[in-house]
Each structure stands twice: as structure tokens, then as C-alpha cells.
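Enquirer: In case you want the letters, here they are:
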Amino acid sequence: MGKKNKRFEHESLQDKDAIVCYLKAVIQGFKKGAIEVSDEEDTITLKPEKLANLKIKADQSKNAQSLNIKIQWSSDQSDDFEETPLFIDPKKAKKKKS
Amino acid sequence: MQQPAALYEPLRFLTLELQKQLYQVESFLESGDLARAEQSLSRVDYIDNHHLNLLRRISEHTRLADQTAEVDPVTLQSYDHINHSLKTLSRQLQEIVFQARNAPKTAFRLLTKKRVRATFKHLTNGLELIEPAIEAEASTLAIDICRLQVRIDQVCQAQLKKYQNRLRKGQQTDALLNASFIVRDLNRLGEALLRIGEGIISANLGQMIQIERYHSLEATLSALSLDPLEEALTIRAMGETKSGCTISGVMSAEESEGEMLAVFKAGDKTKLKEEKTGIESWHEIYPGIAPKVYSYHNSGNKAALLFEYLTGDTLEKLLLERERKALREALAALFETLENIWQETRIETVHPAHFMRQLKKRLKDVYQVHPELESQSVNINGLKNADLKTLIEQAEAFEATLSTPAAVYIHGDFNLDNILYDPLSKEINFIDLHRSDYQDYVQDLSVLMVSCYRLNRFGPQDRKLIAQTMHAIYDYGRNWAETIGDTDYELRLALGLSRSFLTSTRFVLDSSHAKAMQFRARFLLESLLKLPPEQLHTYRVPREIYHD
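If you read the sequences in order, they're chains A and B.
Just so we're aligned, residue 1 is where the first sequence starts under my numbering, counting upward by one.
Just so we're aligned, residue 99 is where the second sequence starts under my numbering, counting upward by one.
Incorrect hints may appear among the rest.
Stated by the list, open to error - Only pairs whose alpha carbons sit at most 27 Å apart, straight line, appear in this in silico BS3-like list of lysine-lysine:
1. B:Lys562 with A:Lys4
2. A:Lys55 with B:Lys487
3. A:Lys70 with B:Lys613
4. B:Lys482 with A:Lys57
5. B:Lys482 with A:Lys31
6. A:Lys16 with B:Lys487
7. B:Lys628 with A:Lys50
8. A:Lys70 with B:Lys462
9. B:Lys203 with A:Lys55
10. B:Lys628 with A:Lys24
11. A:Lys31 with A:Lys62
12. A:Lys32 with B:Lys628
13. A:Lys47 with B:Lys462
14. A:Lys57 with B:Lys260
15. B:Lys628 with A:Lys70
16. B:Lys628 with A:Lys47
17. B:Lys423 with A:Lys47
18. A:Lys16 with B:Lys482
19. B:Lys628 with A:Lys55
20. A:Lys57 with B:Lys562
For the record, the hints were derived by calculation from the structure and aren't laboratory data.
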């Protein structure tokens, strides 16, 4: 609970090609398993889990259109929890001993 | 039952006046003396006074109840219930007098029978028992009051039968008809006793009950020769099940920290009959795991089951209270028990679980609770995502291609709270056995895993222990699958989990939790359907789905 919530935000005007670049950068991050974002003050490294919630929202009105992509996963930074499993496979346990 | 002076006093006066009225009606019917009839009618004014006085005081108390909490609301309701029952009894007595006044003298002669006297004796006894029953801590006297109704019914029915036989002979028809009407009205007086007893029992139990259910408790207890009167038992309400059965604990009254003797479950006959059959089959197939049935009793569409009270905690309690050590022990005991059961109950035939068929059947109920889960198919720039119904259809076809090992005897509703672990004896017991049958063992495992996930606890520590428990169950199942050479374990487990994730949302009111469960169900189906044939046997249910 010690760490404060971190936040990064960026907004700019871009052309189509540049937007494709941004999206590709995000895709690369997903493939690698780490997405790093930073400004002059701070750096955040997100580590996507194997499973994540994906939310895609499209809005269309007279004056504007928008596409929202939200990807969310739970992360666990506390390590004060006992991790020993509640069931130990007897066969595997034997294998380890021998 | 509490005796707040302001209520108890007018109730005692009311009861006293009714005893007088009853006595005078009895002597009138015995003698045919009209003066007695008049005397009995003159009591009605007094009775009305006490009745109204009590009514007024109850309503005063009800208004005050919020502030003072001096008398609990159920007790107030009980006084109200008894008050009305006594007034009804008085009115019925009055009607009997009106009826009898116009009856021919010969009708009176027909009434001076021992059965009619017995009826009055039971009524008199019932009224006399009211005070001691209210003052007693246990409900045994109140049960006795209720029981009198049955006796009255028996004697009156017997008397009516006699009259009917004589009526057929065609003699004294006028007198016989009149006497019949009076006896029929006398019989109805017993109903008041039933309601009075019901009021007292309700106050003792702390919840308003229907006597018909309690009645079956009494019948059940007497079948067990645990006579409520002799054994001085008390009954404590323990709660309700999802299917609407009430559960009570039966304990001896003498010890205040009373030792629980048995569990009494009352409710829908079909459900309880199934449960009884389930328990009995377990005793036959794998003795020692199910509670002993002491007795079963039914009437109409209601039934009651009295069975052994098992000591220990449910696995749900251990998990919710984060009793890690006890939980680990309990799981070890459970896995050992399951292995024994599965080894010993294995039959030759195969009974696939038909997870998708089960899911289709329940889907309507799911949408009723969570209409937002009814999804449509979507297309994102050419990438298609089928609607849930289509997905289930496809998964059903996939399921049909899977192999299932020989069936074992399964619990059928294998939730965490249907498994008891006694830390002293280190034993596992099963309860709620109405769906037990021979089937795929994966059915029980998948239900058990999802019963962990669906728990309404969201603290990070809680969720971690939940995930670990699910993982332990998975590992154990995987281990068993390898032992018996069950190659499609993972695939069937994924289908079973998917089925339970979705159907269990019915019991989850938190909408984001329900959504998380639905997402998991869909995710599992989608991953299965995407599998290329060569990867079918390397597929593993991803452990990430256990985490929130």
C-alpha cells in the first residue's frame, strides 16, 4: 500500500500515419510484455498479464467520431501473501525428492 | 416468550373470560338450559373489552418499538396473533350458542356424548395451558396446545361419522342434522388452539412460522421417539436455503448451550424427497459421508426431514475466514475422500456431464437476473465475435467429440458450503445431496472451483486465497486425470468451468463480479473453439482465470 498511484497522460494532434505508429508501439509493448511510458518527471512500466479486459467503444455524432480502446488487467504488487500451494501433487513431490 | 406486563395482563384477563365463556357454553350444551346460554353470551362484552385493550396496547408498543426496543417485533406479532385467535374462538362459541338455541331438545340429547365432552375437555386444557406455555422457555407446552387441535379433530370426526350413519337410517333427521352442525362448529374451535400455539412458538423461535411446518416437525420428532414433551427439546431457527426450505436445529433444552441433536429441514416435498433419496443412496454406495436420516414425514406438498447434525465447518467458512491452515487440512482430507469415493464407486458405464446442455437450460434464469449479459454478435473491422448462444451451440458440438471416463458417484451440487470438515476427527461430510448421481467427476470439480470464485469477497488477500484454492482443486483433478489416463480432462474442465461461471451469476448480485464471471465463461469457450486439432491435448485451463 506504500506506493502512490501513478498516472501518465498524453494528448496531441497527429496524422494518420503517426497514429498507426503509436498503435504499433503499443502492440510491440504487448508482444514484449512491457509497455513503458514516461514524461520528464516519471516513468511507468506496465506489464500486461496473460489475460486482460478489452473494451472497445465507438461513438459517432454529427460533429465528431471517436474510438476508445481500454485494456485493463489486475496487477499485484503486494508480496506479503503466502504463496505455497494448498495442494501438493504427491507424484511431482516424489519426483523432486528422488 | 417475553411477558411485558402491559400486554401479558390483558391477555391473561382475556384468556380467563374465555375460559368462563367456554364453561358456560359447555354446561348449556350439556343441560339445554337457556339461562346458561344467556350467561355465556353476556361474557362476550368483557371479552371484547380485553381484546380491544390488548389490541390498543400492542399498537402502542409497535409505535414505540423503534425507540425503546423493549419488546421485539416478533413477540408483538405473537401477542397480536394470540389476541385475534382468542377473539375468533369467542365468536365461534357465540355462534354455537345461536345455533343450539334453535335446535330441538332431542339434539341436546344427541350431544351429551363422551366425544363432545372430550372436545370441551381438550379446549379447556388448551386455554389453561396458554399461561404456562407463555411463561415457559421451551416450546413444548405450546406444541401441546397445537396437538390438542389434532385430538379435537379426531373425536369430532368420529362423532360426525356416527351421526352420518344414523342419518342414513332416516330417523331423527332434524335433531341429527342440528347436532352435526354443532359438532362441526366445535371441531373448528380447535383451529384457534393451533393458532395460539403457533403464536407462542413463533415468539420463542424469533420468527413467525407456519404451524403446518412445525406440525411436521412434531410428527417427525415423534417418529424418532424424541417426544418433544419427554425430551424437553428446543428448536432454533438456523436459516433458509436457496430453494426456500427452512432449517432448524433441534437441541435438548436442559443445557443452555444446548448440544445440537439434529437438523430439521422443512419445505417443498419434491426437493426434500430428492434429498432423502440422495442421502440414502450415499449410505448404500459410500457409507459414512452423508448425515443419518432420523425421520421423514410429509403431508400434501410439504415435507420435513430430520437428520443428523454434523459437526465441523463448511469449506466456505474456512475460506472466508482465511483459516489457511485449516483450509489446507480440509482440502487434503477432501481430496483423499474424493479419491476413495471415485475409486470405490466407479461403474462400467460412461455418463457425460453435457455441460453445454446444462448451460442452455439455465441461460434464461441467468438473463433474468443479469439481462445485461445477453450479448449480441459483434464485428470489429472484419474480426467477428459470436453471440453467446451461437458460442454455446458450437461448444456443444465440440463437447460431443470429447471422451469421458467411466462414471463415478458424484455429489451433484458440490459447492464449498455443502462440504463439512471436522478438524477434530479430520473427517469430511457432504450435505445437500438431492442431486447426487453417477456422472463425470469433472462436474463436481468444476462446480467446486466456481463456488470459490463466486464468493462475494473482494479484498486482495481474499481473492488470492480463493485463487489458490481453485488452483489446488485443479491440480488435484489433473493428478487424478493422469492416474486414470483421462486425456480430455482439461477440455471438459474448461467446459464445466464455463458452464458454472455463467450459471452461478444467478447468485451473484454484484454486476461487475457477474461480468467478470461471464467474461471467463466466454473466454474459455472461445479458446476451446479456436484450438487447432494438434493442440487439443496440450491445452491447459489458464490459471489466470482464477484471479480477479
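Enquirer: With reference to the structure, classify each hint as holding or not holding.
Expert: Each hint, compared with the structure:
1. B:Lys562 with A:Lys4: Within the cut-off at roughly 22 Å; holds.
2. A:Lys55 with B:Lys487: holds (21 Å)
3. A:Lys70 with B:Lys613: holds (16 Å)
4. B:Lys482 with A:Lys57: holds (16 Å)
5. B:Lys482 with A:Lys31: Holds: B:Lys482 and A:Lys31 sit about 22 Å apart, inside 27 Å.
6. A:Lys16 with B:Lys487: Given that 27 Å is the threshold and the Cα spacing comes to 38 Å, the pair is violated.
7. B:Lys628 with A:Lys50: The given pair, whose Cα atoms are some 17 Å apart, holds under the 27 Å limit.
8. A:Lys70 with B:Lys462: violated (30 Å)
9. B:Lys203 with A:Lys55: With Cα atoms ~90 Å apart, B:Lys203 and A:Lys55 exceed 27 Å; violated.
10. B:Lys628 with A:Lys24: holds (25 Å)
11. A:Lys31 with A:Lys62: Status violated; Cα separation ~37 Å.
12. A:Lys32 with B:Lys628: Distance ~23 Å between A:Lys32 and B:Lys628 Cα, so the pair holds.
13. A:Lys47 with B:Lys462: The given pair, whose Cα atoms are some 38 Å apart, is violated under the 27 Å limit.
14. A:Lys57 with B:Lys260: The given pair, whose Cα atoms are some 82 Å apart, is violated under the 27 Å limit.
15. B:Lys628 with A:Lys70: Holds: B:Lys628 and A:Lys70 sit about 24 Å apart, inside 27 Å.
16. B:Lys628 with A:Lys47: Between B:Lys628 and A:Lys47 the Cα gap is close to 25 Å, so the pair holds against 27 Å.
17. B:Lys423 with A:Lys47: Violated - the C-alpha atoms of A:Lys47 and B:Lys423 are around 32 Å apart, more than 27 Å.
18. A:Lys16 with B:Lys482: holds (25 Å)
19. B:Lys628 with A:Lys55: It holds: about 21 Å lies between the C-alpha atoms, which stays within 27 Å.
20. A:Lys57 with B:Lys562: violated (31 Å)
Checked against the numbered hints above, the structure breaks hints 6, 8, 9, 11, 13, 14, 17 and 20 and satisfies the rest.
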